[in-house]
Structure formats: structure tokens, C-alpha cells
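A.B. asks: Heads up: the sequence lines are chains X and F, in that order. 1 is the number of the first residue of the first sequence in my numbering; add one for each residue after it. 1 is the number of the first residue of the second sequence in my numbering; add one for each residue after it.
Please keep in mind that the hints were generated in silico from the structure rather than gathered at the bench. Keep in mind that the hints are not guaranteed to be accurate.
[Unchecked claim] Straight-line Cα separation of at most 25 angstroms, SDA-like style, residue types lysine to any residue; simulated pairs:
hint, chain 1, residue 1, chain 2, residue 2
1, X, 237, X, 223
2, F, 121, X, 139
3, X, 139, X, 178
4, F, 184, X, 265
5, X, 21, F, 87
6, X, 98, F, 112
7, F, 73, F, 112
8, F, 20, X, 188
9, F, 65, F, 53
10, F, 184, X, 261
[What the hints assert, rightly or not] So the derived list for chain F, only partly shown, Cβ under 10 angstroms to chain X, looks like this:
hint, residue
11, 139
12, 167
13, 173
14, 180
15, 183
16, 225
17, 226
[Unchecked claim] The following label-pair restraints were derived from C-beta to C-beta distances:
hint, chain 1, residue 1, chain 2, residue 2, range
18, X, 129, F, 226, 48 to 54 angstroms
19, F, 57, X, 106, 34 to 40 angstroms
20, F, 58, X, 243, 50 to 56 angstroms
21, F, 93, X, 16, 44 to 50 angstroms
22, X, 274, F, 77, 45 to 51 angstroms
23, F, 226, X, 17, 55 to 61 angstroms
24, X, 150, F, 165, 25 to 31 angstroms
25, F, 14, X, 17, 54 to 60 angstroms
26, F, 16, X, 270, 47 to 53 angstroms
27, X, 113, F, 14, 36 to 42 angstroms
Fair warning: this is a prediction, and the values are worked out from it, not measured in the lab. Note that the Cβ used here is the ideal one computed from N, Cα and C, for glycine as well.
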Amino acid sequence: MTEPLIDVRNMEISFAHGFVKAVRGVSFQLGREKLGIVGESGSGKSTVGRAIMRLLPPTAKVTADRMTFHDTDLLAASEKRMMEIRGKQIGLILQDPKYSLNPVMRVGEQIAETYRLHYPKVGRKAAETKVLEMLEAVKIRDPQRVFRLYPHEVSGGMGQRIMIAMMLIAEPEVLIADEPTSALDVTVRLDVLALLDELVSRRNLGLIFISHDLNLIRKFCDRVLIMYAGRVVEVLKASELDNAQHPYTQGLLASLPSIENPPARLPVLTRDPSWLTQPTIGA
Amino acid sequence: MIDVENLTIRFGPRSPLVVKGVSFSVERGKSFGLVGESGCGKSTVLRAISGLNRNYGGRISLDGKPLEPERSKAFFRDVQMVFQDPYGSLHPRKTVRSQLIEPLRNQNLPIKENAVADVLKAVGLDPSLGYRFPHQLSGGQRQRVAIARALILDPPVLLLDEPTSALDVSVQAEILNLLADLQKERGLTYLLVSHDMAVIAHLCSRVAIMNGGEIVEETGIDQIRSGHVQHPYSQRLLSASRAYGKQEMRPAEIMSSA
Numbered sequence: 001m002t003e004p005l006i007d008v009r010n011m012e013i014s015f016a017h018g019f020v021k022a023v024r025g026v027s028f029q030l031g032r033e034k035l036g037i038v039g040e041s042g043s044g045k046s047t048v049g050r051a052i053m054r055l056l057p058p059t060a061k062v063t064a065d066r067m068t069f070h071d072t073d074l075l076a077a078s079e080k081r082m083m084e085i086r087g088k089q090i091g092l093i094l095q096d097p098k099y100s101l102n103p104v105m106r107v108g109e110q111i112a113e114t115y116r117l118h119y120p121k122v123g124r125k126a127a128e129t130k131v132l133e134m135l136e137a138v139k140i141r142d143p144q145r146v147f148r149l150y151p152h153e154v155s156g157g158m159g160q161r162i163m164i165a166m167m168l169i170a171e172p173e174v175l176i177a178d179e180p181t182s183a184l185d186v187t188v189r190l191d192v193l194a195l196l197d198e199l200v201s202r203r204n205l206g207l208i209f210i211s212h213d214l215n216l217i218r219k220f221c222d223r224v225l226i227m228y229a230g231r232v233v234e235v236l237k238a239s240e241l242d243n244a245q246h247p248y249t250q251g252l253l254a255s256l257p258s259i260e261n262p263p264a265r266l267p268v269l270t271r272d273p274s275w276l277t278q279p280t281i282g283a
Numbered sequence: 001m002i003d004v005e006n007l008t009i010r011f012g013p014r015s016p017l018v019v020k021g022v023s024f025s026v027e028r029g030k031s032f033g034l035v036g037e038s039g040c041g042k043s044t045v046l047r048a049i050s051g052l053n054r055n056y057g058g059r060i061s062l063d064g065k066p067l068e069p070e071r072s073k074a075f076f077r078d079v080q081m082v083f084q085d086p087y088g089s090l091h092p093r094k095t096v097r098s099q100l101i102e103p104l105r106n107q108n109l110p111i112k113e114n115a116v117a118d119v120l121k122a123v124g125l126d127p128s129l130g131y132r133f134p135h136q137l138s139g140g141q142r143q144r145v146a147i148a149r150a151l152i153l154d155p156p157v158l159l160l161d162e163p164t165s166a167l168d169v170s171v172q173a174e175i176l177n178l179l180a181d182l183q184k185e186r187g188l189t190y191l192l193v194s195h196d197m198a199v200i201a202h203l204c205s206r207v208a209i210m211n212g213g214e215i216v217e218e219t220g221i222d223q224i225r226s227g228h229v230q231h232p233y234s235q236r237l238l239s240a241s242r243a244y245g246k247q248e249m250r251p252a253e254i255m256s257s258a
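Bound-form chain X, shown alone (with noise of 0.2 angstroms):
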């Protein structure tokens, strides 16, 4: 791997003065691919994601060995520093259009704040110009139109569409997708993920990518983390999820229906202590 773009050594995250450890000693590097990180509700993922940004609550004790993008300290950057990484270098898309557009206002003009936020000298008809590229870029057939809209008169998938354009717009170099596409329908879900995966590829973003969908991450990324409860248990290449070592990889990946020849009962996973003590795995 050439230079990574995101450094993190032994990320640890407690709440609450440290009664409650969300994340136990993460370590990643990320490059110019598609990273996953999958796991159950609780496993520390988002929270992963979310510390990368310093976008969590004050209550929140992050501490790591290391944890950079490119040169910059993100444990020690000044406030001002972090907002001009945040959306303009380091983008973040979360689950749901519906609760996280501004109800109140248009589309295109909330797209075309974020532009203007992190490009101040653009004019207003020039990020109007660059809003509607970009919402043809996102694969929206009418683009005139839908700059006009409200959040409310559009579909889920095209509000993500619209999420993946806002965060697109100010071209970060890195992206973290936090369960992007699981408000969204199976048939709307795989042309969102094309689409993101089309624009990551041509703009050679580093991408990381949050969900508990084994499916979609096996599919979708280069190499996978799997976490549970605040540790990393395994790191895999996507393709060779199937030869997973880890017990509760293993687990996770049996629990799956499956359309074609469902077993008669369905394996559930027996969670064993001593995961929680394993030393955690870096990447």
C-alpha cells in the first residue's frame, strides 16, 4: 500500500468516564480502496466512523497511539482545522435521507450551501451550475426539477442519491458510508451501490464503508473488518469472506436465509466469552 490517506493505532472509546468501552484498541490503515467494517448493533462501528470525523459527543473519551489523515493529528486539531476537513476532505453519508436533509429546505440549495461553505469565492450561479453536474453525476434524469424540491417530495433512493451528492459536491478524498443504503428497498439498493461504487472508482476515493449487511460488504469492498463487541476480531479480503477463520464470522455468515435452498433451522450464532479478551487484529 502506498501512503495511507487514514492512520488509526489502538483506537479506544469510552463513555460515560470510562464505564462503558464502545471501541477496545482499533487499529487500521486505509489506502485508496474500499474498506468494510461489519458487525451487530453495538459492535462499536459507527462509533468507529463517527471518531474519525470527532463527531461525537463531548461525554465521549477517544484516545488512540495514532490517528492521522494524511500529516494532520485528528486528536489534536483545532476545531477550525476539523471543519475544513470535515465535508471538504473526509465525507460522511449516514442511513437515512429522511431524518438527515434539512426538511425545510430545497435540495439543490442545501447541495449548493455545502459548495459554497467550502469554496466561499464561488458565486451563487456558479454553484448552482456545479449542483445541477453533480445531481446529473448522482444519475437524476431531471435535475432542473428536482434542485427544487423539498426533501419531502422525494423517494428514499433518491434522497440518498442526494446525500451522496452533497457529500461528493465539496470532493473529499475520503469517504465513510454509515449504512447508506439500508433505509432503501433491495432493487433501489443495488443501483444506489452502483452508483457509489462508479464514483469512488473514477474520483479514487478511500472509502469506508459501515454495515451489518454481510451481503452488501462482500460484494461491495476490497477488504473487510469484522468487529465485535469494540474489538476487531478478523480482517479478510472481501472475495475470501467465505473462508472466514473467526468463529463469529463464521456465524454471522451462516445466519443468512437464503432464497435458494433454506436449511430447516437456521444455525444461531453461540457467542463465546473469551472474544472479548482475544487481543484485536489490525489492518
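Following the hints, put chain F in place on chain X, whose structure we already have.
C.D. replies: Structure of chain F alone, referenced to chain X:
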């Protein structure tokens, strides 16, 4: 067991039809699946059957007897519903025990001493959990409590509205197994609504595929498993769901092949 004939539903007198003449019937002791994308009307159909929405046209009958739009008290002893989100469907300030007793009290039934303990055991929970509040339970435990609440009246029919879509895959497997076991033990009839073809395929023997307020195709589960569906929409939905499964494909290829 459940017969639905030409069901039509609209919200408001001038609004377009949301459900446009849906008919199907569910055999006793079998599981019937309604599958489709969000907004296709599948949950609306279920809510009409459950009596939550009285403004419908067409006929719904249970066990051969046609039902009045305003459901009788006796109806709820026969048909109970499990909702999608166990975080929203349990009362946050009542203990598990008092929520489980409520259906019995509504029906003026005697509250037997070990009724709650029995039903909790039936769904695989420890009876001591009866004294907890919903926020003290995990998502999977909450969904088990919601199933227990539906079962405490011992109804022959359960309506399941996306019972596992708010849960992790590992917990989903536990709940699907539980539903399969309960059906075997008690001979329950299930009407299951889901957007997840794999969940439907796991539990159901017949499936109706809905799109735009209509059933485009009703078929047996073997046709779904072997991929022999007729309607173009069913084919599209099935190939999207399959593409999601085992084969090694990139999203771009899936889109071009679908």
C-alpha cells in the same frame, strides 16, 4: 383460514386507491408471505385485516365467516399482530409482565398465576424477565416479548409485519427459528409481510408479490426458490434479491444483467 376478496383501500374520499383489488387466501396452519417494495401497500393490507383500518372495500373473512369492518372483541382472540419495531410497539413505562397481562384483561379472561411465566418460556425467555421494563431488554428479547404478547391469548392466526427487519442477522435467525417452532407446536397460521425475499422464502409456503397496490403474482415457494416466476416485476425483484445473495458479482454487473 383467511380469505381476502377484492380488497380496496384509499386514504380519503378523493385520493387514489392505495390497494387496488387484492384477493388471496391463506390455508389453515400454513404461512403466507406478502412481499414487495416500500409503498406497495403490503402493510396496508395487513392493517386492514387486523382491524386497525376500518375504511376498506371488499370482503375479508376468517375461517369462512365474513368480518364486519368494525371488529368484535372475539376477533382479537383469533387474530393477533406482531409489529416491525419492538422499540416502538412495547409500552416504555410498563413492565413486561403487565403488558403481557393486558390482552387477558381486555378480554375479561381469568389471569392464571403462571400464564405470564408460561408464555415467556414458550418464546424462550426466562420468566424472571417479566419484572423488567422494555429498555432493560435487548432488541431480540423485546421482539420475543412482542411475540409473547400476541401468543398469550392463544390465537390460531398471527399477522407478522416485518417481524425481523429491525434486528441483526444473528438475532433474525433466532426469531425466525422461534416462529417456525411455534408454528409446528401450535399449528399457527401466519400471514407474513416482508421486503426481504430470503425471510419469506425461509418461513412461507406460498407467496404473493405486490407492486403498486396490486398482487402481480401469487406462487408457491418452490417457484421462488428455482427462480421460475412469470411476471416481469417478480423477476426483477427476485433477481435483485438473488444478486444480493451468494454469487460473486459487482453491483454494476448486477444492474446490467437484471
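A.B. asks: Please go over all the hints and tell whether each is borne out by the structure.
C.D. replies: Hint-by-hint comparison with the structure:
With a C-alpha separation of about 4 angstroms, the suggested pair residue 237/X and residue 223/X falls inside the 25 angstroms cut-off, and the hint holds. With a CA separation close to 52 angstroms, the supplied pair residue 121/F and residue 139/X exceeds the 25 angstroms bound. Annotation: proposed proximity of residue 139/X to residue 178/X holds, straight-line Cα distance about 21 angstroms (limit 25 angstroms). For the given pair, residue 184/F sits about 12 angstroms from residue 265/X by alpha-carbon distance, which is consistent with the 25 angstroms threshold.
Simply put, residue 21/X and residue 87/F have alpha-carbon atoms about 24 angstroms apart, close enough for the 25 angstroms limit, and the pair holds. For the suggested pair residue 98/X and residue 112/F, the alpha carbons sit about 46 angstroms apart, so the restraint of at most 25 angstroms is broken. For the proposed pair residue 73/F and residue 112/F, the alpha carbon gap of about 20 angstroms is at most 25 angstroms, so the pair holds. Between residue 20/F and residue 188/X, the direct Cα distance comes to roughly 24 angstroms. Compliance with the 25 angstroms bound is thereby established for this hinted pair.
At most 25 angstroms may separate the alpha-carbon atoms for a hinted pair to count; residue 65/F and residue 53/F meet this at roughly 19 angstroms. Between the alpha carbons of residue 184/F and residue 261/X the distance comes to roughly 20 angstroms, so the proposed pair stays at or under 25 angstroms and holds. Contact between residue 139/F and chain X, as hinted, is supported at the beta carbon level, the nearest pair being about 7 angstroms apart and thus within 10 angstroms. Against a cut-off of 10 angstroms between C-beta atoms, the interface hint on residue 167/F holds, since the closest Cβ of chain X lies about 9 angstroms away.
The beta carbon of residue 173/F comes within 4 angstroms of a beta carbon in chain X, closer than 10 angstroms, and the hint placing it at the interface holds. A least Cβ separation of about 7 angstroms between residue 180/F and chain X falls short of the 10 angstroms threshold, and the interface hint therefore holds. For residue 183/F, the suggested interface contact is broken, since its CB lies about 13 angstroms from the closest CB of chain X, more than 10 angstroms. The beta carbon of residue 225/F comes within 5 angstroms of a beta carbon in chain X, closer than 10 angstroms, and the hint placing it at the interface holds.
Checking residue 226/F against chain X by beta carbon gives a least distance of about 8 angstroms; that is within 10 angstroms, so the hint holds. Between residue 129/X and residue 226/F the CB atoms are about 51 angstroms apart, so this pair conforms to the stated range of 48 to 54 angstroms. Between residue 57/F and residue 106/X the beta carbon distance is about 38 angstroms. The supplied range of 34 to 40 angstroms therefore holds. Taken as a hint, the range 50 to 56 angstroms holds for the pair residue 58/F and residue 243/X, whose Cβ atoms sit roughly 53 angstroms apart.
Checked against the hint of 44 to 50 angstroms, the C-beta distance between residue 93/F and residue 16/X comes to roughly 23 angstroms, which is inconsistent with it. Separation of residue 274/X from residue 77/F is about 47 angstroms and conforms to the stated range, judged on CB atoms against 45 to 51 angstroms. Between residue 226/F and residue 17/X the beta carbons are some 57 angstroms apart, a value that agrees with the proposed interval 55 to 61 angstroms. The hinted window of 25 to 31 angstroms between residue 150/X and residue 165/F holds, with their beta carbons roughly 27 angstroms apart.
The supplied range of 54 to 60 angstroms is met by residue 14/F and residue 17/X, whose beta-carbon atoms lie about 58 angstroms from each other. Range check, residue 16/F to residue 270/X: Cβ separation about 50 angstroms, and the 47 to 53 angstroms hint holds. Checking the proposed 36 to 42 angstroms range against residue 113/X and residue 14/F shows it holds: the Cβ atoms sit about 37 angstroms from each other.
Hint violations for this structure: numbers 2, 6, 15 and 21, all remaining hints satisfied.
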